[in-house]
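2 protein chains.
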Amino acid sequence: MMTENRTPLVLPASGTPPDPVDRGPAVDLAVDLTVDLDELAAHTIRLLSVDAVERAGSGHPGLPLGAALPAWVLWSRHLRHDPADPDWPDRDRFVLSAGHGSMLLYALLHLTGYELGLDDLRRFRTTGSRTPGHPEHGITPGVETTTGPLGQGIGTAVGMALAERMLAERCNTDEHPVVGHRTWVLAGDGCLMEGISHEAASLAGRLALDRLTVVFDDNDVTIDGPARNSCTDDVEARFRAYGWHTVRVDDAGDPAALDRAYAAARAETGRPTLVSVRTTIGLGAPGVEGTPKAHGSPVGPAAVAAMRAAAGLPDAPFHVPAELRRAVTGLRAGWSAARRDWTDLHERWRTAHPATAAAFPLHRTPALDDPAGLRRLARAADEAGAAAAVATRRASAAALCAVADACPGLVGGSADLASSTGTTLPGGDVGPGSFAPRTVPFGVREHGMAAALNGIALHGGLRPFGSTFLVFADYLRPALRLSALMRLPVTYLFTHDSVHVGEDGPTHQPVEQLESLRLVPGLTVLRPADSAETALAWEIAATATDRPTALVLSRQDLPELGAAELDRVRQHGYRVVGTDPDRPDVVLAASGSEVGPACKAAELLRARGAAVRVLSVPWRERFDRALDTGLVPRPAVPVVWIEAGVRTGWRALAGPGDAVIGIDSFGHSGPGPEIAAQLGLTVRAIAAAALRAIGRTPHEP
Amino acid sequence: MMTENRTPLVLPASGTPPDPVDRGPAVDLAVDLTVDLDELAAHTIRLLSVDAVERAGSGHPGLPLGAALPAWVLWSRHLRHDPADPDWPDRDRFVLSAGHGSMLLYALLHLTGYELGLDDLRRFRTTGSRTPGHPEHGITPGVETTTGPLGQGIGTAVGMALAERMLAERCNTDEHPVVGHRTWVLAGDGCLMEGISHEAASLAGRLALDRLTVVFDDNDVTIDGPARNSCTDDVEARFRAYGWHTVRVDDAGDPAALDRAYAAARAETGRPTLVSVRTTIGLGAPGVEGTPKAHGSPVGPAAVAAMRAAAGLPDAPFHVPAELRRAVTGLRAGWSAARRDWTDLHERWRTAHPATAAAFPLHRTPALDDPAGLRRLARAADEAGAAAAVATRRASAAALCAVADACPGLVGGSADLASSTGTTLPGGDVGPGSFAPRTVPFGVREHGMAAALNGIALHGGLRPFGSTFLVFADYLRPALRLSALMRLPVTYLFTHDSVHVGEDGPTHQPVEQLESLRLVPGLTVLRPADSAETALAWEIAATATDRPTALVLSRQDLPELGAAELDRVRQHGYRVVGTDPDRPDVVLAASGSEVGPACKAAELLRARGAAVRVLSVPWRERFDRALDTGLVPRPAVPVVWIEAGVRTGWRALAGPGDAVIGIDSFGHSGPGPEIAAQLGLTVRAIAAAALRAIGRTPHEP
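Protein sequence lines correspond, in order, to chains A and B. Note that the UniProt record's numbering gives residue 475 to position 475 of the first sequence, counting from 1, and the numbers run on in steps of one. Note that the UniProt record's numbering gives residue 151 to position 151 of the second sequence, counting from 1, and the numbers run on in steps of one.
Derived by calculation from the structure, the hints in this document are not laboratory data. Take these hints with a grain of salt, some might be off.
What the hints assert, rightly or not - Incomplete in silico selection of chain B near chain A, CB under 10 Å:
1. Glu-199
2. Arg-206
3. Leu-324
4. Leu-482
5. Pro-506
6. Asp-664
Stated by the list, open to error - What the simulated footprint calls covered on chain B by chain A, stretch by stretch (three residues with Cβ under 8 Å from a Cβ of chain A suffice, anywhere in the stretch; the number is not a length):
7. 55-66
8. 126-135
9. 141-150
10. 166-172
11. 345-353
12. 405-418
13. 520-526
In this text, all values refer to a predicted model and were calculated from it rather than measured experimentally. Each residue gets a CB set at the ideal place from its N, CA and C atoms; glycine is no exception.
The task is simple: from the sequences and hints, build the whole structure.
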């Protein structure tokens, strides 16, 4: 029986808190937390996990079985959170990077008292449940981020840990240390094999994010066999090479060793910590323990029964022993007390520092929502537009500064292309121990950058942006997909947006990227044509609360089109540029850098007596919807659609008599205008297509 | 003057060749190769580079200036190649992973006698030249792979080095060691910051690819400033953690030290080698040396003049000293002699082992081109189709075995999903020192896998495939883009191709990936609907010579549709399934797993008296083109287009009266059929859309 021979646990010393803001583990030591309770908790987690997987008929028991005790020791002794308030801003973040082990997280959330009942666990992996196959932020209380695509959790956690430090620098006073929490990650070998883990860990090492701890579930097994079959990295040496502190626990069944390791992580200053724990995949499941079979399939009812018997638990699925419930009740009291103390502190801080509290709303992502900010943006556009022509990346740089002035919580950076993408803000770069600046030198790490942006947005209090060349959007696509799936207000700046990049050649000339971004559900894609539209694009991005935005910007100068009709862009995604005939013979519709050539083509056509309407369509999604719902009358005349990229998406809008001019092949190295011409993107080609569409041959007088 | 004080070079011992196949440096030691000649060569490379960048008005002088001497020492003393025959199969491969430094490569190619004249250098970065902004395979003789997107070169080189070992294992005999070359990479800190460098280096370490050497141009500067601003990795420790041998050269100006380092790399057995060379970006360029300014802009005419004077070279751009030419002539004689020896060896080998030579054509990528192989494929389809229903991933597994039987050069693997994607071939996995198997355990490294596939295809002699889930195509997209840009016959298998993945939820349910692959120029995307179409898809993939192919396959069983009309798929990308009325009232056109529901909807519609034609469209690109060019008459009746993914691409084909049924939002966790139904993808929805398109309301009797 589990209840026998229980001796009181002597909690090992957890190290001196590394700085005044570390309040130590939020555990009430008066709780009857015993060694056997650890075992009981671990068994309960394991059995809840296999029960849920059995019931669902699918799922991943391997990780929950092996990592149950390491996770329980972390959650019961070190994680500072309050299940009664999952949104407590100063809670520690726990990220299950190995998201397939979701039942481990759900079991922990249930046991520690989050709003997730046994019925939720019973509905694991069923439609509409709060226990989806992989953890999904926004569906389950206490799930800090959506994970499953391997490695993303680590990258996201780096953003969270960075946000914590940047906010602490901005908000904390000696009297009011309102920000002081940690970020914990549980990752598997799959996460660490992914390239994003390199980018994330290298960035965290450089920034010395010492409140970040990655627990490595080192079970030595992957789906295809023993991990060493495909990977023989010395993971700890690798992380030390990034500047990390590393700790190893050889026996995942030793709560004291685990406790010491986590304490060492918390005591460490100046370096993030990797705690490698040698675990056994599918621990305790007869026949599959220690093998790839444990990874992703139910272990079967006989194995579950054997496990239950071995654990000394009653023969009933989804059982939680009452003594475990009682013990957790004690833990919860301690957690809630800590959270209430913080709430009082936060109130005093808000009263003492109202401006700071308004600038950095710890409970959410700040947005540009004041009229003064919008006026600043408009002024930036006017100033940029004072030149006859300006690259939208330059217009964006001006707009970014205006937004940054108005929104102190805006932070971000570039994947080593700050000057090219126009994302240098005053104040220099953050660095180790220096988190006051608002620019993050992400390095040549597009993927790690995007995941970190997700983490910053999830954290709350700061509003993130990141930039690179459009063609390299491919490098960060998996993280951008998560921005969209989680509806995070992340702003992506993608510059050098077409073959007009020129001499750098096809590897640097995006062709398919713009349209491929538009395919991502829930991502706002804006391709402004001049400085006014760029400022508007920034306004849309910086005021968004539940969508990421991609600003697609030109390298080359574009003619200024004036500030008219911007409301129509806001509403319906397009505006009319220049003369607007009552009854056009033809419409030229373009985005970004192609609006200028469309205007020139219109002049040629007007010289030949045609009535031409030119549309700039920076927000095609909205224009498409407006067309679809009849909000914008579909013109009764032919349309020539023009964009320097693959034509698919514009063909989707085109009617039978329309023409679509685009680029369905890779570009070439050479001066931008030459390459564009070579690929058929010229003023004459636009005019000729329009004449054909009207029914005149281009050679007709 | 450069000609004074020249002392004959004593070439340092380059180590004992590590095995009998290493023939040592192909240098004729009788050549008057002097220390000053090294200096002269380095100066010449530097000045050719800045001359070309000045003339072009743009480009990247920083790396060529800093790495000129390290590269020259490698090329003159260690690289085994023959500029007179750039396609020599047993040449060493040199990959400039830091592709922006293209002028370094072009200068070396020119100097060593490749078919690249000074006029070509003068046309650097101009339209149609053989010297594009970044190195492009297929445009410039001697350019082994297209580089520029950072980190890709390292990943590609791992594939080349792996192909070399796998081919050596298959082809070499004691008497005829026809395969025995090395792969050299020059990479910068940008390459090493990218996540793909982790995946590639970790894989190379695991496979103990000891004929791979990465030379790290450690110049400590990135575009945004000092490299340490964003990265403080201990690169050598990191590579040692991957199982690499590391060597450091602190003085990039010391040819003897460089020579020793390369010799140490060649002498090393059992580990790949990283040679870190501490260089100075923009070396010798006044005002920009050692700063980010040297990276990507012309240094200016004054700086060039100063450099020329300091080098003691005449005041004329694009000058190559005659004594350097003479010395290279001597080197070339040695290189060509080595190549001729090999050609004789190769002839003897071909005669002695004709079957092996036919199976592994060292000069090109083998393809499935024999009728017996095609028959095997058809039989595999028949066998798979013997069941009433089969998942196309399972049909693909059968087809893969048939192709592998018929094409011994087919090799590949999976990113740790071999059993799920059906890519396990008999014979086990390759491993260190064990290259006879044909399966590569790529590990959870999609991006590294795809780059390695490119390297294998570029290498010649083997035909690569790789697999993962469709949703994770996002992780490898930058490398896949290079497959398409280089027109490499790589086969990608993407399984679990829709929301029918079900319980694993939106992170594992592709929605936008299929269409986003179709946007990549030059990538064949095939989504077969049953086993016959899957076999045909494999036939198209395995016979391709100048295009990559993506096979998009279902996780779930799909009904068998029979083997009729496959020729029409080959020609026009579609076939008619089942009954084909002469005058249909409506056409239902679908791909992959949606053809089955379309057939069921057709039955419902037929029961209501409608004449329905059902099309399976596995190859939309070809179907689209056939429609576009009138090869397939556009039906005069409405079409309902159906696919479990974003609708954009089908809307592009749709006429005004058509309907498009797809999924424009993310999925959810739950059983596949429930999720598909929730997202509107049901037989009833298809039938209802058809009725509306015909002009009947769904409720009409």
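Each hint tested on the structure:
{"no.": "1", "hint": "Glu-199", "in the structure": "5 Å, holds"}
{"no.": "2", "hint": "Arg-206", "in the structure": "5 Å, holds"}
{"no.": "3", "hint": "Leu-324", "in the structure": "28 Å, violated"}
{"no.": "4", "hint": "Leu-482", "in the structure": "8 Å, holds"}
{"no.": "5", "hint": "Pro-506", "in the structure": "6 Å, holds"}
{"no.": "6", "hint": "Asp-664", "in the structure": "6 Å, holds"}
{"no.": "7", "hint": "55-66", "in the structure": "holds (count 3)"}
{"no.": "8", "hint": "126-135", "in the structure": "holds (count 7)"}
{"no.": "9", "hint": "141-150", "in the structure": "holds (count 5)"}
{"no.": "10", "hint": "166-172", "in the structure": "violated (count 0)"}
{"no.": "11", "hint": "345-353", "in the structure": "violated (count 0)"}
{"no.": "12", "hint": "405-418", "in the structure": "holds (count 4)"}
{"no.": "13", "hint": "520-526", "in the structure": "holds (count 3)"}
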